[in-house]
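Going down the list, the sequences are from chains E and P.
Residues in the first sequence are numbered consecutively from 1, following our numbering.
Residues in the second sequence are numbered consecutively from 1, following our numbering.
Hints are supplied without guarantee of correctness; some may be wrong.
Simulated crosslink set (DMTMM-like; lysine to aspartate or glutamate; CA at most 20 Å straight-line) [what the hints assert, rightly or not]: (1) Lys58/E x Glu274/P; (2) Lys58/E x Glu26/P; (3) Lys243/P x Glu94/E; (4) Lys6/P x Glu193/P.
Computed, partial: chain E to chain P, Cβ under 10 Å [said to hold, decoys possible]: (5) Tyr86; (6) Leu130; (7) Asn133.
In short, the hints are calculated from the structure, not lab data.
Predicted model, so just to flag it, every value in this text is computed and none were measured.
For each residue, glycine too, the CB sits at the ideal point set by N, CA and C.
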Amino acid sequence: MNDEYTPKIIGFLCNWCAYTGADLAGVSRIQITPSLRIIRVMCSGRIDPLFVLKGLLKGADGVMMMGCHPGDCHYQKGNYSARRRYVLLQKLFEDLGFESERIGLWWVSASEGPRYAKVSSEFSEEIKKLGPNPVREEIFI
Amino acid sequence: MSNVLKIKKGVEQGANELLKFLLESEKVKGIFTLRKMNENGAVSYSLITHPKELQNAVPLFPLMPVNAGKILSGFTLKKAINEPIAAVLRSCELRAFIELIKRTQGSLENFLLISSTCGGVYPLKSLTDGTYKEQVSQYWESAKNAEISSDIRPTCAACEYFIPQQADMTIAIVGKNDLQQECSIFLNTKKGEEFTIGAPGNIVSEDIDTKETAKLREKRQEQKKKLFDELEKNGSGIKALVKTFAACLSCHGCSKACPICYCTLCDFDSKTHEYLPSSHEIELEQKGGIRLPPGTIFFHIGRMIHMVVSCVNCGMCSDVCPVNIPVSTIFSKVGDSLQKLFDYLPGKDIEEPVPFGTYKEEEFTEIGE
């Protein structure tokens, strides 16, 4: 196990809930894991499964999808689509033998700063245990 | 129990008699079916409007030059056909057509759908490697005895949905030991019954599900398990995928042949995935190289994400691959698993929405918490 390995995790956060929640966590001075690099999307329904796939194939150790709780989507139903897409991705990765534990979906509302910090640090720990993404060793893919 | 039209001819001749009757009586204005193109097994789907041209029709020939669902979708894309046409196509082709119609890529209106209990088709390479004559002669023996023909497409050997559910008429082939004497045409719908009034044959009452069809289904399910287990031998994960797709030329032939891949401009051929040297600068620096054209694995897994919930296991993709990559086996395996997850069978019910375009408010409630 490489002790110098810090995971590189990409997070797709919906603008209205998850991103705002992350901002609140920052403003409240809660410790956030440095492994997570976040990308803002307007809605979790915008997260194309290909984003997640590309992230993993480029060598990200983990990809997080975060959005509003079901029923609270700013655009009414975007997060329902995100949920179906995530379920599809998870099963697909499982069947192909990609570690499906490297992706995750969480509902984080705008007021849940501590929850954001908790899920990202927990996920980061999981990814650390899983080790670096095996795709990193493949160059000609 | 359904009404069955029995024509006192061998099954291939009986099918031709049926088509001749439909066209000569002007109940339909055209017949869409396979037509013999030369004496060496080449066949092509054709639309025949003159009964004279039916003499070269070979509706039940065990070859699939292209998935008929794709052709019918292209035909009815802008507008439904305005005259009745009888279309002869296999179970998976019909399912593919229905999947395309769900995506507004065609219309069923004015089609009289004729299908058959399918014994599978041979790979297209049998036309060029000289084996087709022998295979075709074996085909009817295996079909008669509800056995799996030894050289059919692997996806055909593993197909358990060989009894079509959406056809107006189904020609019974599998397990019929009187194939040489009698052609049994099951009339599944009122439309099927109406169009055969006056046809040369008599009507009896029978069940399309028999002991023999159940026997074949079991054999095919076993073969499916064997086929999928064999994939495991290559290992799993990215290393196995890289090995499997090592010879891939990125020709995208699999996508072009796939009936479900209907996009005029495929995402992976568009500017979104255009490869410019600048987008790979960092990779080149850090990793020391890239495969060109880039994104071989990304294309296949991406295409899988886009269409595998509707995969009908026709096997066209593997057949057209110039380097014999078992694309259809991999897609079939993942498709099977994802379709079970959403409790969805592609092409079964035209009213059932595609899992990707819909959702339920209360489902997968444990996700995300």
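(message) Flag every earlier hint the structure violates by its number, smallest first.
(response) Checked against the structure, the hints that fail are numbers 2, 6, while the rest are satisfied.
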